[in-house]
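Enquirer: Numbering (the numbering used here), first residue to last: 1 to 179.
Just so you know, these hints were derived from the structure itself, not from any lab. Wrong hints could be hidden among the right ones.
As the list claims (entries may be wrong) - Taking lysine-lysine pairs in the DSS-like style, the calculated list, with each CA pair at most 30 Å apart, reads:
1) K126 with K114
2) K126 with K72
3) K72 with K57
4) K102 with K54
5) K72 with K54
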Amino acid sequence: MTDLIASPDTATLLGRRDRAILVVLADTGVRARELCCLRIRDVSPTLAFIRNGKGGKQRFVPLSSRAVHAIKTYLDSHPARPDLPLFRRLEGGALDRRLLHKIVSAYQRRLRLKTGVHLLRASCAKCLLNRGLNLQTVRAILGHESIVTTGVYLGVATDQLVREYRAAVDQTPMGGEAR
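The whole structure should be built from the sequences, with the hints applied where relevant.
Expert: Pasting the structure below:
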């Protein structure tokens with residue numbers, strides 16, 4: 001993931017935009033549509049406000065320091081009104097999912113990675129779980145209504161599964177009896 005995020009040429013406006021896009025996708029797990037709908041006013045130094053998530057739901061998504069820095073670097077070189085899309089086409093309009101997929105896939109292909117915006121969402125979710133966030137917190141960040149969806153979506157994050165299982169079971173054997 002580090003190589004992917006480092007791949008845009010940040011000497012250019014387009015490269016700064018693309019780096020910010022990749023960092024936000026990788027660090028927040030937002031859906032492609034949600035990223036495309038973000039407005040400048042929706043972003044603060046700690047949160048992004050998803051106004052129109054899946055099913056028309058709204059939520060706040062925490063932003064990493066790295067995402068805040070990437071967004072700030074992009075906006076500092078390309079100031080715009082708060083009501084405008086955060087990530088814009090060269091002509092000024094909002095990105096759509098098709099163009100977003102094209103941008104992300106181009107960087108992934110250069111590194112011979114599997115392609116797709118959704119892979120960054122899945123990678124973020126697995127990373128959060130493996131770093132110790134509980135399933136309920138990851139569910140809220142991803143915007144899932146049901147924790148069951150999150151569990152299926154993440155698949156088995158083996159390291160986290162084993163760590164939590166052993167922490168729960170090895171302290172006190174099941175049934176409270178010594179084995």
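Enquirer: Now, for every hint given, state plainly whether the structure supports it.
Expert: Checked hints:
Among the hinted pairs, K126 with K114 is consistent with the structure: their alpha-carbon atoms are about 16 Å apart, no more than 30 Å. A C-alpha spacing of about 27 Å is found between K126 and K72, which places the hinted pair at or below 30 Å, so the restraint holds. As the CA atoms of K72 and K57 are separated by approximately 26 Å, the hinted pair is consistent with the 30 Å bound. As the CA atoms of K102 and K54 are separated by approximately 22 Å, the hinted pair is consistent with the 30 Å bound.
At most 30 Å may separate the alpha-carbon atoms for a hinted pair to count; K72 and K54 meet this at roughly 26 Å.
In summary, this structure violates none of the numbered hints.
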